[in-house]
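Trainee: Using the sequences and the hints, build the whole thing.
If you read the sequences in order, they're chains A and B. First residue of the first sequence? That's 1 in our numbering, and the numbers climb one at a time after it. First residue of the second sequence? That's 1 in our numbering, and the numbers climb one at a time after it.
There's no promise every hint is true.
Capping the alpha-carbon separation at 27 Å, the derived lysine-lysine pairs in DSSO-like fashion look like this [to be verified]: (1) Lys158(B) to Lys190(A); (2) Lys155(B) to Lys89(A); (3) Lys23(A) to Lys93(B); (4) Lys93(B) to Lys16(A); (5) Lys158(B) to Lys254(B); (6) Lys16(A) to Lys90(B); (7) Lys247(B) to Lys161(A).
The calculated label-pair distances, taken between Cβ atoms and stated as ranges, are [said to hold, decoys possible]: (8) Pro118(B) to Thr187(A): 39 to 47 Å; (9) Met176(A) to Gln201(B): 38 to 46 Å; (10) Lys190(A) to Gln154(B): 13 to 21 Å; (11) Lys190(A) to Pro118(B): 37 to 45 Å; (12) Pro118(B) to Glu120(A): 50 to 58 Å; (13) Ser8(A) to Glu59(B): 31 to 39 Å.
Over the 10 Å line for every Cβ pair with chain A, so calculated as not near, a few chain B residues [to be verified]: (14) Asp23; (15) Pro55; (16) Lys58; (17) Asp106; (18) Asn122; (19) Gln129; (20) Pro144; (21) Pro171; (22) Tyr225; (23) Ser232; (24) Thr239; (25) Ile243; (26) Gly276; (27) Arg327.
Derived by calculation from the structure, the hints in this document are not laboratory data. Just so it is clear, CB atoms sit at the ideal spot from N, CA and C, and this is done for glycine as well.
The residues making up each chain are set out below.
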Amino acid sequence: MYYPEPISKLIDSFTKLPGIGPKTAVRLAFFVLEMEEDDVLDFAKSLVSAKRELTHCSTCGNITDQDPCSICQDDSRDNKLICVVQDPKDVIAMEKMKEFSGKYHVLHGAISPMDGIGPEDINVASLINRLKDEGVEELILATNPNVEGEATAMYISRLVKPSGIRITRIAHGLPMGGDLEYADEVTLSKAMEGRREL
Amino acid sequence: MHISELSLRSFRNYNDLSLTFDDQINVIIGDNAQGKTNLMEAIYLLAFSRSHRTPRDKELIQWDKEYAKIKGSIIKRNRRFPLEIIISNKGKKAKLNHIEQKRLSDYIGAMNVVMFAPEDLNLVKGSPQVRRRFIDMEIGQVQPAYVYHLAQYQKVLKQRNSLLKDLQRKPEADRTMLAVLTDQLIEHGALIVERRFRFLQLLRKWAAPIHEGISRQLEALEITYDASVKVSEDMDLETIVPIYQEKFTDIETKEVERGTTLAGPHRDDLMFFVNGKDVQTYGSQGQQRTTALSLKLAEIELIKSEVGEYPILLLDDVLSELDDFRRSHLLHTIQGKVQTFVSTTSVEGIEHEVIDQAGIFRVDNGTIDIEK
Numbered sequence: 001m002y003y004p005e006p007i008s009k010l011i012d013s014f015t016k017l018p019g020i021g022p023k024t025a026v027r028l029a030f031f032v033l034e035m036e037e038d039d040v041l042d043f044a045k046s047l048v049s050a051k052r053e054l055t056h057c058s059t060c061g062n063i064t065d066q067d068p069c070s071i072c073q074d075d076s077r078d079n080k081l082i083c084v085v086q087d088p089k090d091v092i093a094m095e096k097m098k099e100f101s102g103k104y105h106v107l108h109g110a111i112s113p114m115d116g117i118g119p120e121d122i123n124v125a126s127l128i129n130r131l132k133d134e135g136v137e138e139l140i141l142a143t144n145p146n147v148e149g150e151a152t153a154m155y156i157s158r159l160v161k162p163s164g165i166r167i168t169r170i171a172h173g174l175p176m177g178g179d180l181e182y183a184d185e186v187t188l189s190k191a192m193e194g195r196r197e198l
Numbered sequence: 001m002h003i004s005e006l007s008l009r010s011f012r013n014y015n016d017l018s019l020t021f022d023d024q025i026n027v028i029i030g031d032n033a034q035g036k037t038n039l040m041e042a043i044y045l046l047a048f049s050r051s052h053r054t055p056r057d058k059e060l061i062q063w064d065k066e067y068a069k070i071k072g073s074i075i076k077r078n079r080r081f082p083l084e085i086i087i088s089n090k091g092k093k094a095k096l097n098h099i100e101q102k103r104l105s106d107y108i109g110a111m112n113v114v115m116f117a118p119e120d121l122n123l124v125k126g127s128p129q130v131r132r133r134f135i136d137m138e139i140g141q142v143q144p145a146y147v148y149h150l151a152q153y154q155k156v157l158k159q160r161n162s163l164l165k166d167l168q169r170k171p172e173a174d175r176t177m178l179a180v181l182t183d184q185l186i187e188h189g190a191l192i193v194e195r196r197f198r199f200l201q202l203l204r205k206w207a208a209p210i211h212e213g214i215s216r217q218l219e220a221l222e223i224t225y226d227a228s229v230k231v232s233e234d235m236d237l238e239t240i241v242p243i244y245q246e247k248f249t250d251i252e253t254k255e256v257e258r259g260t261t262l263a264g265p266h267r268d269d270l271m272f273f274v275n276g277k278d279v280q281t282y283g284s285q286g287q288q289r290t291t292a293l294s295l296k297l298a299e300i301e302l303i304k305s306e307v308g309e310y311p312i313l314l315l316d317d318v319l320s321e322l323d324d325f326r327r328s329h330l331l332h333t334i335q336g337k338v339q340t341f342v343s344t345t346s347v348e349g350i351e352h353e354v355i356d357q358a359g360i361f362r363v364d365n366g367t368i369d370i371e372k
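Mentor: See the structure below:
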């Protein structure tokens, strides 16, 4: 209210971002005033182009600037293996690992009747279509290990089971490099459940 | 285990308070509406991160203040550690050893508290919800992982109830998701029931002899589990799961019709029998009271056997509710081993022997004078 209009508008815009409260917004807005004009222009352009130029891949649902996305177009990747994740950020996490050579499918959420999100509201239908055409042999369900993620994985597994495609769920348990004694009981009991033969 | 120091800021009617406690008996004296129960509530909150009186945390913050803070210094197995609860309009933070604990199951259990308040007499005659809360809280204290499973169960239950409500409106819709949520409900539900069975066996072991003592060998107390799905205490997890599955297949149509989950641990109950008679329906006031007291005293022993140390006991305004014999039996049981907080309007009726050794705190409208 005490700021000139251009800056109070900028503050309002910053508060729309997640994790940014009013104080941080003010700090960021004043920082922008101090920035080089070129940098500010670049910043503004990136914001607009990120929004305008990115779409969802018509095959896997991941965000991309070309359709189909670079992963779906990559012939060196294994078409028979699809990893199902909740979020585009999960794809990036998986890719960092550099060990997964299959393809992805991004659901954009998890089923949660409480929040009015049913199976038709997430990207499941296109997954089922994909499984019909592409000769997929294994589906890896990598949704989050919470109630909704677990329910979504179970739902997909029920849909796909009759097709005979192998369905796997990523393991839950101890983080690498961690200490057993600091693990909480729930994680530890999951780790015990998922133990394997050596 | 005991609490040696407590400080409150902007909590209820306490502006800024700092107290050091006796490691045995602490008597809190004051007229009505001066803040005795608020002090008890603060100690309870430190253990469970929530109030025994209200689910609305905002009520705990002093009028026109931004936040309330409770800090305590706990001594357990000869080690001292701080606990802290901060409540603001934005939410609640629970810190153990100065570190914020995001998950309830990581916080609860650090400090063990057993409270006996006038409303606990409702344990026997009140609604099933009161008894479920009792059993859940007590298991949570000795088995923090239970709190996690309970929270998961409640989340699945909410999801399933939402879905059933949707299906109620359009019963012809696809039911795959219902089957998924039923599986999830059973997974957590069966675990909860099984843990409750194991706990009940322990509770029974302690409560029966205690009850016999309080009733001067006249009454035998029996506790049973009234299950909404026909499972029994001799069953293990592998046996419980298929029985649950069958039950939910049977009631699916009815559940969709009613739009809600009709069976599971959230519909179970505890039943108490004295000399073979259901205390809730046929017991006298006195028997109901004795039963509640036996359960609370059994809890103290149970925690001692599971955790290795006696919990802290809070007796909020209950001494006056008990007759002489029960009162002295209670004081006798705790003497010399359990740190106890007793709130009362006057010291009359409490044995002098106990009072002589106790720390005495006089509460007057949000300020406390230490008499001894």
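Trainee: Evaluate each hint against the coordinates.
Mentor: Now the hints, each set against the structure:
1. Lys158(B) to Lys190(A): holds, 23 Å
2. Lys155(B) to Lys89(A): Given that 27 Å is the threshold and the Cα spacing comes to 25 Å, the pair holds.
3. Lys23(A) to Lys93(B): Status holds; Cα separation ~21 Å.
4. Lys93(B) to Lys16(A): holds, 25 Å
5. Lys158(B) to Lys254(B): holds, 18 Å
6. Lys16(A) to Lys90(B): holds, 18 Å
7. Lys247(B) to Lys161(A): Roughly 24 Å between the alpha carbons, so the hint for Lys247(B) and Lys161(A) holds.
8. Pro118(B) to Thr187(A): 39 to 47 Å: holds, 41 Å
9. Met176(A) to Gln201(B): 38 to 46 Å: Holds, since Met176(A) and Gln201(B) (Cβ atoms, about 39 Å apart) stay within the stated range.
10. Lys190(A) to Gln154(B): 13 to 21 Å: Once the Cβ atoms are compared, 19 Å apart, the range 13 to 21 Å for Gln154(B) and Lys190(A) holds.
11. Lys190(A) to Pro118(B): 37 to 45 Å: holds, 42 Å
12. Pro118(B) to Glu120(A): 50 to 58 Å: For Pro118(B) and Glu120(A) the Cβ distance comes to about 52 Å; the hint holds.
13. Ser8(A) to Glu59(B): 31 to 39 Å: About 36 Å separates the Cβ atoms of Ser8(A) and Glu59(B), which means 31 to 39 Å holds.
14. Asp23: Holds: least Cβ distance 30 Å, greater than 10 Å.
15. Pro55: For Pro55(B), whose nearest Cβ neighbour in chain A is about 19 Å away, the distance exceeds 10 Å, so it holds.
16. Lys58: holds, 20 Å
17. Asp106: Violated, because the least Cβ-Cβ distance between Asp106(B) and chain A comes to about 6 Å, which does not exceed 10 Å.
18. Asn122: holds, 31 Å
19. Gln129: holds, 21 Å
20. Pro144: violated, 7 Å
21. Pro171: holds, 15 Å
22. Tyr225: holds, 24 Å
23. Ser232: Nearest chain A Cβ is 25 Å from Ser232(B), so the label holds.
24. Thr239: holds, 19 Å
25. Ile243: holds, 21 Å
26. Gly276: Non-interface label on Gly276(B) holds, nearest chain A Cβ at 39 Å vs cutoff 10 Å.
27. Arg327: Arg327(B) clear of chain A: closest Cβ-Cβ about 39 Å, beyond 10 Å.
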